[in-house]
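All chains should be built: construct the whole structure from the sequences, respecting the hints.
In the order they appear, the protein sequences are chains A and B.
Residues 178 to 589, numbered by my numbering, are exactly what the first sequence covers, in order.
Residues 178 to 589, numbered by my numbering, are exactly what the second sequence covers, in order.
Worth double-checking, as some hints may not be accurate.
Intra- or inter-copy, both count: the list cannot distinguish identical chains.
[As the list claims (entries may be wrong)] Under the rule of at most 20 Å between Cα atoms (straight-line distance), these lysine to any residue pairs were calculated in the SDA-like manner:
(1) Lys457 x Ser366
(2) Lys559 x Val345
(3) Lys331 x Thr361
(4) Lys559 x Gly348
(5) Lys393 x Gly316
Worth flagging that the hints you see were computed from the coordinates, not collected in a lab.
Read off the chains here:
Number of protein chains: 2
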Amino acid sequence: MTLDVQPGSIAQSHGTVGFGIENLPLASFTPDGAEGARLGVRIGEHVLDVQALVGADAGASTGLRSAAGGTNLDNLLSAGRSVWDDLRALLVRALSSASEAHALTSCLHELTRVQLHLPFTVADYVDFYASEHHASNVGRIFRPDQAPLLPNWKHLPVGYHGRAGTIVPTGTCIRRPKGLRPGTDGVPSFGPSQRLDIEAEMGFVLGGDVPAGEVKMQDAREHIFGLVLVNDWSARDIQAFEYVPLGPFLGKSFATSIGAWVVQIAALEAARTPPPPREKTLAAYLDDSGCEHWGFDVSLEIQVDGEPISSPQLSTLYWTGAQMLAHMTVNGAGLRSGDLFASGTISGAGKDQRGSFLEMCWGGKEPLRLSSGKEMTFLEDKTVVTITAAAPGPDGSVIGFGDVSGRILPAT
Amino acid sequence: MTLDVQPGSIAQSHGTVGFGIENLPLASFTPDGAEGARLGVRIGEHVLDVQALVGADAGASTGLRSAAGGTNLDNLLSAGRSVWDDLRALLVRALSSASEAHALTSCLHELTRVQLHLPFTVADYVDFYASEHHASNVGRIFRPDQAPLLPNWKHLPVGYHGRAGTIVPTGTCIRRPKGLRPGTDGVPSFGPSQRLDIEAEMGFVLGGDVPAGEVKMQDAREHIFGLVLVNDWSARDIQAFEYVPLGPFLGKSFATSIGAWVVQIAALEAARTPPPPREKTLAAYLDDSGCEHWGFDVSLEIQVDGEPISSPQLSTLYWTGAQMLAHMTVNGAGLRSGDLFASGTISGAGKDQRGSFLEMCWGGKEPLRLSSGKEMTFLEDKTVVTITAAAPGPDGSVIGFGDVSGRILPAT
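Listed below in structure tokens is the structure:
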């Protein structure tokens, strides 16, 4: 590969599209024609081979070399906050310094000439339900005669465990699941889901093992490595029949897509926002009134076959990532590096900010009209859903999240 | 170690206590004073080092050597059915033949002189709700004015994902969890669980990866490697406040204990029993009327501080392991080696066959009276709960499961 610009200018020239030196998201990649996956960092339209860069740095610590040397983020996540900070400092220094141009040239790959993989091995996967507008919309659709939120909702972040083994990277095609759906006279019918849906979410990627015990909100920075886009594909009809009393299972477990790029918390300092006002007195472990803000000003966009249809805002979540982490561990569960928890569907107050088709088409009653004039409710075969996101970075820059995308394949 | 009997007689002399040559359950162990865990098989009151045995067998295939060479069952589970069968055949041959005595002598360790570990790395953990008596009892306790079973219960095996990262081996002490419990006027209170409970279950250990797709009941034998005892510790008060609408979370995720010994399906042929009559017409993927029986005649026993208090029967489960496996994957989820699914609490029709304290003390209203005269409802600190199990083996032999045991530590 020939580099036709200096590294310093590479970083700056792409700052406006979300992948400048302020961002530095990480992924697992394989250059075309090469063998083996490796850790990469995105800079503009290039991927920098982290192991190659760190290997060329005589001052890099053993811990940093080990963290950079894996096939994906796993080693880095285990290494903990101080190594995360060391790596970021090294990357910023190398990308800011023209004198390191030679080393960088051999470490850079064009983004169009690499394969991207699942960024890390997912240990446990938890999905929350942290958006008040989403939970309220679902309540109004399914329980129109009752209060939209259940009594526990404002006392704790409701969540449940999902299937880690079916988390797939962006670009993976999604096979329409089959299962038992509500039928007539209480007898279910078996067949392909007819209410296949998305959930536009943000995932929180954890590192720094805690074998047992509690992780308090003030320690969230030690364990939340970064954020990644999540689409928690959902078969609403399968879910509707199965979910009492133990929660969603097969309606979710066929696939969850995540983005290729994990955006480090360090890139999101300018995007921190206060969470919404709290309506209930919270238990001490969830009371974030004196904490740094763990809301983030991230705009998501949902596209159907390339057409933008909704723009959920992460800042509208009632519960923050720090609260979700504290809740998840308050019973002493601890965490493993590679644990992933997701926000649940992100829906804002506006109709154009909803994060699921269930809400966008109000349970099927109000079809969406696309620019082609076509009406849609739930997902048809061959449809491609893409979710992108961006946040404000320092000094007017933009922090990009890449995308999470999937095409629906017909049921077998 | 000195062997004072011939290997052939070792196997036979212990057949009556559940660990004769008919059983051969597997574990991960470390001999006292040695370093590193290894795969072991139990024979009587000894543990046979599988890698050492296989290494000494000139005829062992590369696949078998690799499967035997791990620190636990992981490699073996990945290797699939044909290697599982090869290993069993080799073990039976070696243990039946006095001529192999020399090799065995150096491979045997006294059970009292080894440490036992978590037998395999748990990939995803699913917990079912397959006992009709349990589900009905729970319905009667919590919804006394309604039908005890929810409408979906006899159409599919209800289940949900649990936390793989907090699965611990027998002997691990269990710290009483803290969390938000139902309070007064709808305001929850935070503190240590006051309704700490067990769930006596059987776990099904899976191997032979299926990257995506469906596993049909007739292929269950290819993927269900064996059975292991499970105690799914449950904090009923935490669970009660949190569980709507997405199911149990922190009320379960603090700890799940499993036994050290995985009993191979091949040891349970004599224990197969037909499942109870089906009351609903089942979807084709769950219709086991023409299949081999996947019910098992396994008697569990629950002990509190050594005193037997209940004897749940695995044969009373409404749903079989083959049905649970088929259900878990019918949406195309596939499976990973190391996946574990558990039956859910096993409760029989009798009061002395209940698998949880919730049921044994009927929600706290009917305390149990122990032989000491002491009354109990839910678990107090320092209490030790042990669950054991045994099944009929061939020719009047007994197949033992060992135990799953844990002592309650006070909340921090």
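Evaluated hints:
In the homo-oligomer, the alpha carbons of Lys457 and Ser366 lie at most 20 Å apart only across protomers (13 Å), although the nearest pairing inside one protomer, at 42 Å, exceeds that limit. Taking the closest pair of Cα atoms, Lys559 and Val345 come within 20 Å of each other only inside a single copy of the chain (18 Å); across copies the shortest separation is 43 Å, beyond that limit. With identical chains, the CA atoms of Lys331 and Thr361 are at most 20 Å apart between copies only, with a shortest distance of 16 Å across copies and 36 Å within one. Only within a single protomer do Lys559 and Gly348 lie at most 20 Å apart by alpha-carbon distance; the minimum there is 13 Å, versus 52 Å between protomers.
Within a single copy, Lys393 and Gly316 get their C-alpha atoms no closer than 31 Å, and across copies no closer than 36 Å, so neither meets the 20 Å cut-off.
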